[in-house]
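Peer 1: In our numbering, each number is its position in the sequence shown, counted from 1, plus 874.
Some hints could be false.
Using 30 Å as the maximum straight-line C-alpha spacing, the simulated DSBU-like pairs for lysine-lysine come out as follows [claimed, not checked]: (1) Lys-1088 with Lys-1009; (2) Lys-1128 with Lys-1211; (3) Lys-953 with Lys-1053.
Cβ-Cβ distance ranges computed for the label pairs, FRET-style [as the list claims (entries may be wrong)]: (4) Asp-1119 with Asn-1015: 19 to 27 Å; (5) Gln-1255 with His-930: 20 to 28 Å; (6) Met-1194 with Pro-1117: 49 to 57 Å; (7) Leu-958 with Leu-1012: 41 to 49 Å; (8) Thr-904 with Asp-1119: 23 to 31 Å; (9) Gly-1077 with Leu-1221: 25 to 33 Å; (10) Gly-944 with Ser-1127: 37 to 45 Å; (11) Arg-1000 with Gly-1057: 36 to 44 Å; (12) Lys-894 with Val-1122: 36 to 44 Å; (13) Asp-954 with Leu-1217: 35 to 43 Å; (14) Asn-1252 with Pro-1011: 28 to 36 Å; (15) Ser-1127 with Asn-1252: 35 to 43 Å; (16) Glu-994 with Lys-1131: 18 to 26 Å.
In short, the hints are calculated from the structure, not lab data. Since the structure is predicted, the reported quantities are computational estimates derived from the model, not experimental observations. Virtual Cβ for every residue (Gly too), placed ideally from N, Cα, C.
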Amino acid sequence: MSTSTDTMNGDVDYGCDIQKVESLAKRLATHDWEYAACAEALLELHHPSLSVFSPHCFPNGRLPELSSPGDISALQYVKDRIQLGADNLSNDDWGVADPAALGVSALLLGQCSGLPNSEEFRDASRRQAEYLLKKAPLWANAAISHRKKVVELWADFIYMVPPFLAYYAVATQDTFYLKHSFGQCSLYRAILLDSSESAGRVGGLWQHIVGSEKSDPGFWSTGNGWVAAGLCRVLATVKHWKPVDFDVDTTISKLGKWINDIIRAAMATDDHESGLLRNYLNDDSWFGEISGTALLASVVFRMAVLLPDEARGGDLKWAMEKREAVLRSVDEEGIAKPAVQPLDHGLREPLMTGSPEGQSFVLMMCAAHRDYCIQKQNKDQTPLLTVR
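Full structure from sequences and hints, please.
Peer 2: Here it is as C-alpha coordinates:
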(Lines of atoms letter the chains of each structure in order from A and count residues from 1; the text may use other names and numbers.)
(Lines give C-alpha, C1' and ligand atoms only; values in the text may rest on other atoms or scores of the structure.)
Protein backbone atom coordinates (compact mmCIF):
# COMPACT_ATOMS: atom_id res chain seq x y z
CA MET A 1 0.00 0.00 0.00
CA SER A 2 1.34 3.40 -0.90
CA THR A 3 2.15 5.70 1.99
CA SER A 4 3.30 8.62 -0.10
CA THR A 5 1.89 12.06 0.52
CA ASP A 6 -1.19 12.93 -1.50
CA THR A 7 0.03 13.98 -4.93
CA MET A 8 -1.64 17.39 -4.67
CA ASN A 9 -0.74 18.03 -1.05
CA GLY A 10 2.48 19.91 -1.62
CA ASP A 11 0.89 22.22 -4.17
CA VAL A 12 -2.42 22.98 -2.47
CA ASP A 13 -2.96 26.52 -1.22
CA TYR A 14 -4.57 25.93 2.17
CA GLY A 15 -5.22 29.61 2.78
CA CYS A 16 -2.61 29.84 5.53
CA ASP A 17 1.03 28.92 6.05
CA ILE A 18 0.29 25.27 6.77
CA GLN A 19 3.91 24.46 7.63
CA LYS A 20 3.98 27.07 10.38
CA VAL A 21 0.64 25.88 11.77
CA GLU A 22 2.00 22.32 11.78
CA SER A 23 5.30 23.30 13.37
CA LEU A 24 3.48 24.98 16.24
CA ALA A 25 1.13 22.04 16.70
CA LYS A 26 4.13 19.76 17.16
CA ARG A 27 6.05 22.15 19.40
CA LEU A 28 3.20 23.12 21.71
CA ALA A 29 1.93 19.60 22.44
CA THR A 30 2.93 18.32 25.89
CA HIS A 31 0.12 15.94 26.91
CA ASP A 32 -0.87 12.51 25.62
CA TRP A 33 -4.14 13.63 24.00
CA GLU A 34 -2.32 16.56 22.37
CA TYR A 35 0.32 14.24 20.91
CA ALA A 36 -2.48 11.99 19.67
CA ALA A 37 -4.45 14.81 18.08
CA CYS A 38 -1.32 16.10 16.38
CA ALA A 39 -0.44 12.63 15.07
CA GLU A 40 -3.97 12.17 13.70
CA ALA A 41 -3.81 15.60 12.05
CA LEU A 42 -0.45 14.79 10.44
CA LEU A 43 -1.79 11.47 9.18
CA GLU A 44 -4.86 13.09 7.62
CA LEU A 45 -2.82 15.91 6.13
CA HIS A 46 0.23 14.09 4.77
CA HIS A 47 -0.83 10.46 4.42
CA PRO A 48 -4.57 10.52 3.76
CA SER A 49 -4.59 6.99 2.34
CA LEU A 50 -3.75 5.71 5.84
CA SER A 51 -6.50 7.67 7.56
CA VAL A 52 -9.83 5.96 8.21
CA PHE A 53 -11.40 8.64 6.03
CA SER A 54 -9.87 7.01 2.96
CA PRO A 55 -11.88 4.25 1.27
CA HIS A 56 -8.54 2.47 0.78
CA CYS A 57 -7.47 2.51 4.44
CA PHE A 58 -8.13 -1.20 4.99
CA PRO A 59 -6.64 -3.19 2.08
CA ASN A 60 -8.36 -6.57 1.95
CA GLY A 61 -10.24 -5.59 5.09
CA ARG A 62 -7.11 -5.36 7.24
CA LEU A 63 -4.71 -2.76 8.57
CA PRO A 64 -2.14 -1.66 5.98
CA GLU A 65 1.29 -3.27 5.86
CA LEU A 66 3.90 -0.54 6.35
CA SER A 67 7.66 -0.37 6.15
CA SER A 68 9.44 2.25 8.26
CA PRO A 69 7.78 4.82 10.53
CA GLY A 70 10.39 7.24 9.23
CA ASP A 71 8.44 7.31 5.96
CA ILE A 72 5.29 8.54 7.73
CA SER A 73 5.56 11.89 9.49
CA ALA A 74 2.73 11.17 11.94
CA LEU A 75 4.36 7.96 13.18
CA GLN A 76 7.84 9.44 13.26
CA TYR A 77 6.47 12.27 15.41
CA VAL A 78 4.58 10.12 17.90
CA LYS A 79 6.68 6.94 18.15
CA ASP A 80 8.81 7.96 21.14
CA ARG A 81 5.83 9.45 22.95
CA ILE A 82 4.06 6.10 23.35
CA GLN A 83 4.66 4.09 26.51
CA LEU A 84 5.39 0.40 26.06
CA GLY A 85 5.21 -2.35 28.66
CA ALA A 86 2.34 -1.00 30.75
CA ASP A 87 -1.46 -1.10 30.81
CA ASN A 88 -1.73 2.33 29.22
CA LEU A 89 -0.06 3.93 26.20
CA SER A 90 1.13 6.88 28.27
CA ASN A 91 2.22 7.42 31.85
CA ASP A 92 -1.00 9.14 32.86
CA ASP A 93 -2.14 8.70 36.46
CA TRP A 94 -5.17 10.94 35.89
CA GLY A 95 -6.93 9.84 32.74
CA VAL A 96 -8.47 6.62 31.49
CA ALA A 97 -9.28 7.94 28.04
CA ASP A 98 -6.33 10.15 27.14
CA PRO A 99 -3.70 7.38 26.80
CA ALA A 100 -6.07 5.45 24.51
CA ALA A 101 -6.03 8.39 22.10
CA LEU A 102 -2.56 7.16 21.08
CA GLY A 103 -3.98 3.76 20.15
CA VAL A 104 -4.40 4.20 16.40
CA SER A 105 -0.80 5.43 16.10
CA ALA A 106 0.43 2.51 18.21
CA LEU A 107 -1.42 0.03 15.99
CA LEU A 108 0.05 1.56 12.84
CA LEU A 109 3.53 1.42 14.36
CA GLY A 110 2.84 -2.24 15.03
CA GLN A 111 2.36 -2.67 11.28
CA CYS A 112 5.84 -1.34 10.39
CA SER A 113 8.02 -4.22 9.22
CA GLY A 114 11.12 -2.03 9.39
CA LEU A 115 10.59 -1.22 13.06
CA PRO A 116 12.52 -3.74 15.21
CA ASN A 117 10.11 -3.48 18.15
CA SER A 118 6.88 -3.32 16.17
CA GLU A 119 5.51 -6.27 18.16
CA GLU A 120 5.87 -4.23 21.35
CA PHE A 121 3.52 -1.62 19.91
CA ARG A 122 1.00 -4.33 19.06
CA ASP A 123 1.25 -5.74 22.58
CA ALA A 124 0.91 -2.28 24.12
CA SER A 125 -2.23 -1.69 22.05
CA ARG A 126 -3.67 -4.99 23.27
CA ARG A 127 -3.02 -4.09 26.91
CA GLN A 128 -4.62 -0.69 26.39
CA ALA A 129 -7.77 -2.26 24.95
CA GLU A 130 -7.90 -4.82 27.77
CA TYR A 131 -7.49 -2.09 30.38
CA LEU A 132 -10.41 -0.14 28.93
CA LEU A 133 -12.75 -3.10 28.83
CA LYS A 134 -11.66 -5.00 31.94
CA LYS A 135 -10.06 -2.64 34.46
CA ALA A 136 -11.30 0.91 33.91
CA PRO A 137 -13.92 2.31 36.31
CA LEU A 138 -17.48 2.50 35.00
CA TRP A 139 -20.47 4.82 35.29
CA ALA A 140 -23.73 3.28 36.51
CA ASN A 141 -24.82 2.57 32.92
CA ALA A 142 -21.47 0.85 32.08
CA ALA A 143 -19.99 3.87 30.29
CA ILE A 144 -16.22 3.85 30.80
CA SER A 145 -15.05 6.69 33.04
CA HIS A 146 -12.90 9.40 31.48
CA ARG A 147 -10.87 9.54 34.69
CA LYS A 148 -9.20 6.90 36.85
CA LYS A 149 -9.72 7.91 40.48
CA VAL A 150 -13.11 9.58 40.06
CA VAL A 151 -15.87 8.30 37.80
CA GLU A 152 -16.69 11.10 35.37
CA LEU A 153 -17.98 11.27 31.82
CA TRP A 154 -16.34 13.88 29.58
CA ALA A 155 -17.37 14.68 26.03
CA ASP A 156 -13.65 14.52 25.12
CA PHE A 157 -13.75 10.75 25.70
CA ILE A 158 -15.57 10.16 22.41
CA TYR A 159 -12.52 11.23 20.41
CA MET A 160 -10.07 9.27 22.56
CA VAL A 161 -11.58 5.82 23.11
CA PRO A 162 -14.23 4.74 20.54
CA PRO A 163 -12.01 5.44 17.48
CA PHE A 164 -9.25 3.33 19.03
CA LEU A 165 -11.57 0.43 19.87
CA ALA A 166 -13.01 0.53 16.35
CA TYR A 167 -9.54 0.49 14.82
CA TYR A 168 -8.49 -2.29 17.19
CA ALA A 169 -11.44 -4.30 15.92
CA VAL A 170 -9.97 -4.14 12.42
CA ALA A 171 -6.51 -5.00 13.75
CA THR A 172 -7.83 -8.11 15.50
CA GLN A 173 -10.56 -8.89 12.94
CA ASP A 174 -12.96 -9.05 15.86
CA THR A 175 -16.22 -7.08 15.87
CA PHE A 176 -16.43 -7.52 19.64
CA TYR A 177 -14.37 -4.35 19.93
CA LEU A 178 -16.41 -2.54 17.30
CA LYS A 179 -19.57 -3.28 19.25
CA HIS A 180 -17.95 -1.81 22.34
CA SER A 181 -16.80 1.21 20.36
CA PHE A 182 -20.32 2.00 19.21
CA GLY A 183 -21.75 0.96 22.57
CA GLN A 184 -19.63 3.50 24.44
CA CYS A 185 -20.76 6.24 22.05
CA SER A 186 -24.36 5.32 22.79
CA LEU A 187 -23.85 5.08 26.56
CA TYR A 188 -22.12 8.45 26.70
CA ARG A 189 -24.81 10.03 24.56
CA ALA A 190 -27.48 8.78 26.96
CA ILE A 191 -25.87 10.82 29.75
CA LEU A 192 -24.37 13.89 28.06
CA LEU A 193 -26.89 14.67 25.33
CA ASP A 194 -29.12 17.68 25.88
CA SER A 195 -32.47 16.86 24.32
CA SER A 196 -34.30 19.98 25.51
CA GLU A 197 -35.26 22.68 23.06
CA SER A 198 -36.91 24.92 25.63
CA ALA A 199 -35.74 27.83 27.76
CA GLY A 200 -33.18 28.90 25.19
CA ARG A 201 -31.47 25.51 25.02
CA VAL A 202 -30.67 23.89 21.71
CA GLY A 203 -31.35 20.16 21.49
CA GLY A 204 -28.59 18.01 19.99
CA LEU A 205 -25.58 19.45 21.79
CA TRP A 206 -23.62 17.51 24.40
CA GLN A 207 -22.77 18.70 27.90
CA HIS A 208 -19.08 18.76 28.68
CA ILE A 209 -18.72 16.89 31.99
CA VAL A 210 -20.99 14.89 34.27
CA GLY A 211 -19.52 13.62 37.53
CA SER A 212 -19.48 13.84 41.30
CA GLU A 213 -16.22 15.77 41.70
CA LYS A 214 -16.31 17.90 38.57
CA SER A 215 -19.31 18.94 36.54
CA ASP A 216 -19.72 21.19 33.52
CA PRO A 217 -23.24 21.12 32.07
CA GLY A 218 -22.37 23.76 29.49
CA PHE A 219 -22.14 23.11 25.76
CA TRP A 220 -18.41 23.54 25.31
CA SER A 221 -17.64 24.17 21.65
CA THR A 222 -14.46 22.09 21.67
CA GLY A 223 -16.21 19.32 23.60
CA ASN A 224 -18.90 19.08 20.95
CA GLY A 225 -16.11 19.08 18.38
CA TRP A 226 -14.40 16.19 20.16
CA VAL A 227 -17.69 14.27 20.11
CA ALA A 228 -18.60 14.94 16.48
CA ALA A 229 -15.08 14.19 15.24
CA GLY A 230 -14.83 11.02 17.32
CA LEU A 231 -18.18 9.74 16.09
CA CYS A 232 -17.08 10.59 12.56
CA ARG A 233 -13.91 8.50 12.89
CA VAL A 234 -15.94 5.54 14.15
CA LEU A 235 -18.41 5.95 11.28
CA ALA A 236 -15.56 6.05 8.75
CA THR A 237 -14.03 2.91 10.25
CA VAL A 238 -17.32 1.02 10.04
CA LYS A 239 -18.03 2.22 6.51
CA HIS A 240 -14.61 1.36 5.12
CA TRP A 241 -14.20 -1.98 6.91
CA LYS A 242 -17.75 -3.31 6.41
CA PRO A 243 -17.51 -6.44 8.61
CA VAL A 244 -20.02 -9.10 7.61
CA ASP A 245 -21.02 -9.98 11.19
CA PHE A 246 -22.00 -6.46 12.15
CA ASP A 247 -25.02 -4.26 11.46
CA VAL A 248 -23.14 -1.74 9.34
CA ASP A 249 -26.09 0.16 7.89
CA THR A 250 -27.91 0.76 11.18
CA THR A 251 -24.70 1.82 12.91
CA ILE A 252 -23.79 4.28 10.17
CA SER A 253 -27.32 5.67 10.17
CA LYS A 254 -27.32 6.27 13.92
CA LEU A 255 -23.84 7.78 14.01
CA GLY A 256 -24.69 10.01 11.06
CA LYS A 257 -27.79 11.31 12.81
CA TRP A 258 -25.97 11.98 16.07
CA ILE A 259 -23.23 13.88 14.23
CA ASN A 260 -25.68 15.94 12.20
CA ASP A 261 -27.67 16.76 15.33
CA ILE A 262 -24.53 18.29 16.86
CA ILE A 263 -23.57 20.21 13.73
CA ARG A 264 -27.01 21.69 13.17
CA ALA A 265 -27.42 22.59 16.84
CA ALA A 266 -24.04 24.34 16.74
CA MET A 267 -25.10 26.19 13.60
CA ALA A 268 -28.19 27.46 15.41
CA THR A 269 -25.96 29.11 18.06
CA ASP A 270 -23.59 30.75 15.57
CA ASP A 271 -23.87 34.48 16.24
CA HIS A 272 -20.39 35.87 17.01
CA GLU A 273 -19.29 38.79 14.84
CA SER A 274 -15.90 37.18 14.19
CA GLY A 275 -17.51 34.23 12.43
CA LEU A 276 -16.01 31.91 15.06
CA LEU A 277 -18.17 29.79 17.35
CA ARG A 278 -18.33 30.89 20.96
CA ASN A 279 -16.33 28.94 23.53
CA TYR A 280 -19.63 27.86 25.07
CA LEU A 281 -22.34 27.47 22.48
CA ASN A 282 -25.62 29.27 23.10
CA ASP A 283 -24.00 31.59 25.67
CA ASP A 284 -23.45 35.06 24.27
CA SER A 285 -21.16 36.07 27.14
CA TRP A 286 -18.33 34.03 25.63
CA PHE A 287 -15.71 34.99 23.03
CA GLY A 288 -15.48 33.32 19.64
CA GLU A 289 -12.55 30.92 19.34
CA ILE A 290 -10.83 28.71 16.79
CA SER A 291 -10.60 25.25 18.37
CA GLY A 292 -14.23 24.17 18.36
CA THR A 293 -14.88 26.09 15.16
CA ALA A 294 -12.13 24.35 13.18
CA LEU A 295 -12.95 20.88 14.47
CA LEU A 296 -16.69 21.13 13.83
CA ALA A 297 -16.08 22.55 10.35
CA SER A 298 -13.76 19.62 9.61
CA VAL A 299 -16.55 17.20 10.50
CA VAL A 300 -18.94 18.79 7.99
CA PHE A 301 -16.39 18.29 5.21
CA ARG A 302 -15.76 14.68 6.28
CA MET A 303 -19.46 13.88 6.42
CA ALA A 304 -20.02 15.34 2.95
CA VAL A 305 -17.63 12.69 1.62
CA LEU A 306 -18.70 9.82 3.88
CA LEU A 307 -22.45 10.31 3.42
CA PRO A 308 -22.82 12.52 0.34
CA ASP A 309 -26.51 11.75 -0.09
CA GLU A 310 -27.21 13.32 3.29
CA ALA A 311 -25.07 16.42 2.80
CA ARG A 312 -27.01 19.67 2.92
CA GLY A 313 -25.91 22.72 1.00
CA GLY A 314 -26.54 24.87 4.05
CA ASP A 315 -24.20 22.76 6.16
CA LEU A 316 -21.40 23.03 3.60
CA LYS A 317 -21.92 26.77 3.13
CA TRP A 318 -21.68 27.17 6.89
CA ALA A 319 -18.52 25.04 7.08
CA MET A 320 -16.93 27.09 4.31
CA GLU A 321 -17.71 30.27 6.26
CA LYS A 322 -16.25 28.79 9.46
CA ARG A 323 -13.15 27.73 7.54
CA GLU A 324 -12.68 31.27 6.26
CA ALA A 325 -13.12 32.66 9.77
CA VAL A 326 -10.49 30.27 11.13
CA LEU A 327 -8.05 31.04 8.31
CA ARG A 328 -8.44 34.77 8.97
CA SER A 329 -7.42 34.07 12.55
CA VAL A 330 -4.05 32.55 11.62
CA ASP A 331 -1.29 35.15 11.91
CA GLU A 332 2.04 35.39 10.10
CA GLU A 333 3.67 33.11 12.67
CA GLY A 334 1.09 30.39 12.10
CA ILE A 335 -0.73 30.98 15.40
CA ALA A 336 -4.48 30.43 15.21
CA LYS A 337 -6.13 32.74 17.72
CA PRO A 338 -8.08 33.44 19.84
CA ALA A 339 -8.30 29.94 21.29
CA VAL A 340 -9.72 28.53 24.48
CA GLN A 341 -7.14 27.56 27.09
CA PRO A 342 -7.29 23.74 26.74
CA LEU A 343 -6.35 23.15 30.40
CA ASP A 344 -8.88 25.69 31.70
CA HIS A 345 -11.91 25.74 29.42
CA GLY A 346 -13.73 28.16 31.73
CA LEU A 347 -11.02 30.84 31.59
CA ARG A 348 -12.47 34.09 30.31
CA GLU A 349 -9.20 35.28 28.80
CA PRO A 350 -8.57 33.74 25.35
CA LEU A 351 -5.25 32.11 24.57
CA MET A 352 -3.37 34.19 22.00
CA THR A 353 -0.05 32.31 21.85
CA GLY A 354 -1.34 29.09 20.32
CA SER A 355 -3.32 26.10 21.56
CA PRO A 356 -1.71 22.67 21.02
CA GLU A 357 -4.98 20.98 20.13
CA GLY A 358 -6.31 24.08 18.37
CA GLN A 359 -3.35 24.10 16.00
CA SER A 360 -3.99 20.41 15.23
CA PHE A 361 -7.68 21.09 14.62
CA VAL A 362 -6.75 23.69 12.00
CA LEU A 363 -4.65 21.03 10.25
CA MET A 364 -7.59 18.60 10.40
CA MET A 365 -9.90 21.22 8.94
CA CYS A 366 -7.48 21.95 6.10
CA ALA A 367 -7.07 18.25 5.31
CA ALA A 368 -10.81 17.61 5.45
CA HIS A 369 -11.58 20.57 3.18
CA ARG A 370 -8.91 19.42 0.71
CA ASP A 371 -10.30 15.88 0.60
CA TYR A 372 -13.85 17.18 0.15
CA CYS A 373 -12.73 19.40 -2.73
CA ILE A 374 -10.86 16.53 -4.41
CA GLN A 375 -13.92 14.28 -4.16
CA LYS A 376 -16.16 17.05 -5.49
CA GLN A 377 -13.77 17.80 -8.35
CA ASN A 378 -13.60 14.15 -9.33
CA LYS A 379 -17.38 13.97 -9.39
CA ASP A 380 -18.26 17.29 -11.02
CA GLN A 381 -15.06 18.00 -12.95
CA THR A 382 -15.14 21.51 -11.46
CA PRO A 383 -11.89 22.87 -9.97
CA LEU A 384 -12.36 23.84 -6.31
CA LEU A 385 -8.82 23.82 -4.94
CA THR A 386 -6.35 26.63 -5.48
CA VAL A 387 -3.04 25.13 -6.56
CA ARG A 388 0.20 27.07 -6.38
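Peer 1: Compare the structure with each hint and give your call.
Peer 2: For each hint, the structure was consulted:
| no. | hint | verdict |
| --- | --- | --- |
| 1 | Lys-1088 with Lys-1009 | 22 Å, holds |
| 2 | Lys-1128 with Lys-1211 | 34 Å, violated |
| 3 | Lys-953 with Lys-1053 | 28 Å, holds |
| 4 | Asp-1119 with Asn-1015: 19 to 27 Å | 25 Å, holds |
| 5 | Gln-1255 with His-930: 20 to 28 Å | 22 Å, holds |
| 6 | Met-1194 with Pro-1117: 49 to 57 Å | 35 Å, violated |
| 7 | Leu-958 with Leu-1012: 41 to 49 Å | 26 Å, violated |
| 8 | Thr-904 with Asp-1119: 23 to 31 Å | 41 Å, violated |
| 9 | Gly-1077 with Leu-1221: 25 to 33 Å | 28 Å, holds |
| 10 | Gly-944 with Ser-1127: 37 to 45 Å | 40 Å, holds |
| 11 | Arg-1000 with Gly-1057: 36 to 44 Å | 19 Å, violated |
| 12 | Lys-894 with Val-1122: 36 to 44 Å | 40 Å, holds |
| 13 | Asp-954 with Leu-1217: 35 to 43 Å | 23 Å, violated |
| 14 | Asn-1252 with Pro-1011: 28 to 36 Å | 47 Å, violated |
| 15 | Ser-1127 with Asn-1252: 35 to 43 Å | 25 Å, violated |
| 16 | Glu-994 with Lys-1131: 18 to 26 Å | 40 Å, violated |
In this structure, the hints that do not hold are numbers 2, 6, 7, 8, 11, 13, 14, 15 and 16, in rising order.
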